[in-house]
Amino acid sequence: MKPNKDLSKTLYEKDLYPDEQSFAEDCALIAAERLRRGEIDRRSFVKALGMLGLVPVALKFGSGSAAAQAKELVIVNWGGPAVEAYANAWGAPFEKASGTKVIIDGTGPLASKIKAMVEAKAVTWDVCDTGTGTTLVLAKQDVLEDIDYGIVDKSKMAPEFAYQQGCANYMFSFVLAYNKAKVASAPNGWKDFWDLKKFPGGRTLRKQPNGMLEACMMAAGRSPKDVYPIDLNLAMSKLKEIKGSVVAWGSGSQSQEVFRTGEVVMGNIWHTRANLLRRDSNGEILWNWQDGIVTAGMWNVPKGNPAGKETAMKFIASAQDPASQIELFKVMGNGPANPAAASMVPEDMRYIDPGQPENMKLQILQSGYWYEEPSGKGKLTNDELSREMWLDTLSS
Amino acid sequence: MLASQRHTYWLLIVPAVLLMLVFYIYPLIQVLWISVTEPYFGLQNYEALLTRPLLHRIWLTTLRICLITTVITVILGYLVAYAMAKVGERQRTTMMFCILLTFWLSVLIRAFAWVMLLRNGGLINSALMSLGIIDSDLPLLRNEFSVIVGMVHFMMPLAVLPIYSNMSGIDGRYVSAARGLGASPWEAFWHIHLPLSKPGLIAATILVFVFSLGFFITPAILGGGKVVMISEYIQVSFEETLRWGQATMLASSLLFAVLLTLALVARFVDLKKVFGAR
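Chains as they are written, first to last, in my numbering: chain V, 1 to 396; chain G, 1 to 278.
Hint data in this document are derived by calculation from the structure and do not stem from the laboratory. C-beta: ideal position from N, C-alpha, C; glycine also. Incorrect hints may have been included.
Unchecked claim - Heads up, simulated DSS-like pairs for lysine-lysine below, C-alpha to C-alpha not over 30 Å straight-line:
1) V:Lys243 - G:Lys226
2) G:Lys272 - V:Lys191
3) G:Lys226 - V:Lys198
4) G:Lys226 - V:Lys240
5) G:Lys272 - V:Lys140
6) V:Lys113 - V:Lys101
7) G:Lys226 - V:Lys197
8) G:Lys226 - V:Lys180
9) V:Lys225 - V:Lys243
10) V:Lys113 - V:Lys361
11) V:Lys113 - G:Lys226
12) V:Lys182 - V:Lys197
13) G:Lys226 - V:Lys182
What the hints assert, rightly or not - A partial selection of chain V residues facing chain G, derived with a Cβ cut-off under 10 Å:
14) Lys115
15) Met117
16) Arg206
17) Gln208
18) Gln254
19) Thr261
20) Glu347
21) Asp348
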């Protein structure tokens with residue numbers, strides 16, 4: 001269909017922009033591309049995208065609270081085809097269950113926009129699809145509502161991803177991807193990644209430290225369970241070791257691009273992109289889950305959201321339904337956040353689900369707590385200090 | 001009569017001035033304001049400019065790249081403009097078309113084109129290798145070299161156009177006269193043509209340097225995350241880490257750098273003349 005093609009093209013151009021890009025934004029791009037290639041039909045595309053924001057099954061809206069119910073709820077995601085998708089697939093059912101009209105806004109929940117809205121007291125968004133990094137930065141600015149774990153069920157996500165002001169909507173991993181044709185043997189873990197003698201060739205790491213520091217720690221010899229607290233000086237010295245061979249990626253498509261141009265033979269990249277590389281290269285580029293770093297996409301609710309905090313929380317709770325998360329996984333490749341969903345993943349797709357027990361046991365769960373803690377340097381949190389040091393080391 | 005007429009003319013620019021005030025001057029003042037009020041009132045953001053090594057390095061990288069880019073671009077631009085001023089009408093039209101053509105291409109496309117040319121196994125590396133000049137790929141991409149190549153390419157029209165417009169107004173008979181009086185071709189160029197083309201040269205230098213200071217996309221793509229210029233860090237501070245005080249301070253310091261450059265140049269040359277206002 002023509003309009004879709006145009007939409008995915010728009011997204012692609014946006015993707016080229018060397019901006020820092022969130023995982024959630026990247027997911028929308030991947031789905032649009034798959035739709036364009038005809039790998040998924042429009043119906044399931046629409047359905048699955050909607051899962052990101054809105055889930056019609058198992059809605060448990062309190063009876064008799066209709067009077068307190070908001071008139072409309074605005075969900076913000078990374079746009080393009082997802083806007084229409086949300087409206088068609090999830091707007092209507094949600095309206096039926098709650099009496100709340102759903103508006104889908106695809107302009108992208110940039111941290112700076114959320115801050116500006118809250119500070120100007122002109123909030124138009126209710127629930128935003130962001131990541132752990134954004135959640136931490138926003139939390140420090142005091143512009144988010146606390147997640148109400150009386151409504152949202154903490155047991156339906158890994159406890160590591162139940163932040164005070166954000167909670168998991170899906171999971172994804174930073175994994176070691178490699179070009180099979182260009183390495184002597186399959187690398188196993190970050191020590192191999194750092195071994196330029198045994199595995200000569202370029203590497204790619206993210207421009208942001210989130211998900212990279214953990215790899216540095218394991219490369220330095222820390223056992224996976226002792227990765228935290230991260231020693232930033234040690235992490236930087238590990239980065240310096242291989243910096244000459246590193247090309248940094250900002251957006252998901254960039255992480256693919258540097259593999260395709262042959263600039264790198266290994267990378268620490270999102271598993272969704274690693275999977276696309278595997279498919280596009282006919283299995284020449286692969287990844288393994290060993291020492292992968294599992295993290296999560298986040299729901300945020302801006303302070304003073306128009307539909308009210310309660311409605312937003314009820315929506316987040318409804319998105320925890322495992323069946324709906326499976327639907328999302330099938331199209332977008334991001335893993336279900338609800339552990340109960342793991343056993344419902346079809347057999348032939350389990351190798352691309354970071355949350356499968358056999359994959360999970362090889363990986364570590366990223367700790368938001370460490371990132372939130374004060375670094376002891378000025379008023380900076382570990383998150384802020386590490387961003388600064390990472391950029392500094394990378395560009396020195 | 002005359003005075004009232006002059007007043008009427010002033011009225012004509014009122015809409016433009018209002019537009020500037022509302023959409024340019026006011027936001028600019030806001031930027032300056034945020035830079036001294038976030039996270040609290042004071043000059044702490046500017047203090048960081050003096051005390052934080054990271055900011056020093058980013059500024060030094062920016063200035064170094066801009067200076068190198070400016071020198072290379074202006075020299076190459078001068079040569080192109082000189083050729084354009086000397087060739088016949090048809091060739092000149094072709095040259096002008098080629099220069100404008102690159103001007104119209106998206107900066108993004110141009111950066112990616114350089115990726116294809118400069119990468120390992122790319123056109124340049126494989127050509128050099130098949131000629132037996134090199135044994136292994138030269139590191140041409142994702143470093144300062146590739147950033148400068150990309151920026152020089154982008155800036156060329158900005159150098160060529162002002163230099164050419166100045167040169168096309170130089171009377172060729174001056175040089176002929178010098179030659180007739182016994183000057184060698186080089187002497188005639190050095191003592192006659194070059195001084196006459198100075199205004200174009202200065203205009204091009206200022207344009208290219210000032211433009212380079214704010215460069216964002218080219219370094220971000222061709223630098224591979226390892227060449228961080230001031231604009232990229234402003235974007236990180238503004239959008240990613242939400243340190244708006246720092247972001248606006250850096251944006252303001254960029255503005256001050258431009259004004260300082262112009263002030264320095266104005267000490268030596270008449271800027272109004274250079275930009276044709278007089």
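Violated constraints from the hint list, given by number and in increasing order: Per hint list: 2, 5, 10, 15, 20, 21 violated.
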